[in-house]
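As given, the protein sequences belong to chains A and B, one line each in that order. Residues in the first sequence are numbered from 29 upward in steps of one, following the working numbering. Residues in the second sequence are numbered from 22 upward in steps of one, following the working numbering.
Hints in this document: simulated from the structure, not taken from any laboratory. Keep in mind it's a predicted model, so treat the numbers as computed, not measured. It cannot be assumed that every hint is accurate.
Said to hold, decoys possible - Listed next, the stretches of chain A that the computed footprint assigns to chain B, with coverage defined by at least 3 CB atoms under 8 Å from CB atoms of chain B:
#1 65-72
#2 129-138
Unchecked claim - Distance condition first, Cα-Cα at most 27 Å in a straight line; then the derived BS3-like pairs of lysine-lysine:
#3 LYS43(B) <-> LYS127(A)
#4 LYS57(B) <-> LYS45(A)
#5 LYS127(A) <-> LYS62(B)
#6 LYS57(B) <-> LYS99(A)
#7 LYS61(B) <-> LYS43(B)
#8 LYS31(A) <-> LYS61(B)
#9 LYS45(A) <-> LYS127(A)
#10 LYS127(A) <-> LYS91(A)
#11 LYS43(B) <-> LYS62(B)
#12 LYS43(B) <-> LYS85(A)
#13 LYS127(A) <-> LYS87(A)
#14 LYS43(B) <-> LYS99(A)
#15 LYS91(A) <-> LYS43(B)
#16 LYS62(B) <-> LYS31(A)
#17 LYS99(A) <-> LYS61(B)
#18 LYS31(A) <-> LYS57(B)
For glycine and all other residues, C-beta sits at the position ideal for the given N, C-alpha and C.
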Amino acid sequence: SQKIEQNSEALNIQEGKTATLTCNYTNYSPAYLQWYRQDPGRGPVFLLLIRENEKEKRKERLKVTFDTTLKQSLFHITASQPADSATYLCALRAYNTDKLIFGTGTRLQVFP
Amino acid sequence: ETGVTQTPRHLVMGMTNKKSLKCEQHLGHNAMYWYKQSAKKPLELMFVYSLEERVENNSVPSRFSPECPNSSHLFLHLHTLQPEDSALYLCASSQTQGWDTEAFFGQGTRLTVV
Chain A
29 SQKIEQNSEA LNIQEGKTAT LTCNYTNYSP AYLQWYRQDP GRGPVFLLLI
79 RENEKEKRKE RLKVTFDTTL KQSLFHITAS QPADSATYLC ALRAYNTDKL
129 IFGTGTRLQV FP
Chain B
22 ETGVTQTPRH LVMGMTNKKS LKCEQHLGHN AMYWYKQSAK KPLELMFVYS
72 LEERVENNSV PSRFSPECPN SSHLFLHLHT LQPEDSALYL CASSQTQGWD
122 TEAFFGQGTR LTVV
């Protein structure tokens with residue numbers, strides 16, 4: 029069956045450190061992989077998209093990698109800040125489909 | 022604001038009530054989605070509309086009935102719901118398949134069934 033799994037239910041790190049979140053998928057052939065941020069009681073907000081033929085994408089303090097051999101994406105936040113505390117979701121869109129399927133999410137807590 | 026507006030933000034309804042959730046976008050997108058988000062569970066895709074045609078129905082119970090009258094509006098009609106249907110219902114829109122664009126989400130409707 030198709031699954032998207034994100035590591036650990038919660039990740040706690042100290043301010044200034046790099047947070048690394050993992051997204052693993054099985055039985056998918058994604059065209060794109062996306063990362064979203066969700067704050068409590070609000071809808072997810074798009075952060076980054078990476079295509080299957082891209083290895084890495086960066087945006088300010090954010091970096092995403094995509095390894096289609098390992099079927100894994102890593103999401104990094106460098107120099108983390110308490111304001112980065114939120115739930116981070118990965119999502120896959122397969123070829124020729126409008127279905128956007130989400131992982132379980134990882135809750136990140138950055139402590140001062 | 023993301024450009025996707027959902028109303029109401031909160032809804033409490035009895036199991037015998039009929040209510041509707043509304044979603045509106047003016048981003049020029051032609052795909053719209055309903056997701057359900059329950060505590061401790063991933064976002065569950067319920068329905069997908071592409072070019073106003075329903076292209077996905079993920080085994081959702083018939084007590085949930087979607088309607089897409091045009092590319093800017095999406096409704097979710099609710100009737101005879103169960104307490105386990107209490108959740109955050111999220112609407113999203115995007116360009117249709119083949120476009121590498123993201124989904125824009127509304128703020129959601131927090132539904133409580135009593």
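We went through each hint and held it up to the structure:
1. 65-72: holds (count 4)
2. 129-138: holds (count 5)
3. LYS43(B) <-> LYS127(A): holds, 21 Å
4. LYS57(B) <-> LYS45(A): Outside the cut-off at roughly 33 Å; violated.
5. LYS127(A) <-> LYS62(B): holds, 18 Å
6. LYS57(B) <-> LYS99(A): The hint holds at about 26 Å.
7. LYS61(B) <-> LYS43(B): holds, 25 Å
8. LYS31(A) <-> LYS61(B): Since the Cα atoms of LYS31(A) and LYS61(B) sit roughly 16 Å apart, the hinted pair holds (cutoff 27 Å).
9. LYS45(A) <-> LYS127(A): violated, 35 Å
10. LYS127(A) <-> LYS91(A): holds, 24 Å
11. LYS43(B) <-> LYS62(B): holds, 23 Å
12. LYS43(B) <-> LYS85(A): Cα-Cα ~35 Å, so violated.
13. LYS127(A) <-> LYS87(A): Holds: LYS127(A) and LYS87(A) sit about 25 Å apart, inside 27 Å.
14. LYS43(B) <-> LYS99(A): violated, 37 Å
15. LYS91(A) <-> LYS43(B): It is violated: about 35 Å lies between the C-alpha atoms, which goes past 27 Å.
16. LYS62(B) <-> LYS31(A): holds, 13 Å
17. LYS99(A) <-> LYS61(B): holds, 24 Å
18. LYS31(A) <-> LYS57(B): holds, 17 Å
The structure fails hints 4, 9, 12, 14 and 15 (numbered hints given earlier, in ascending order).
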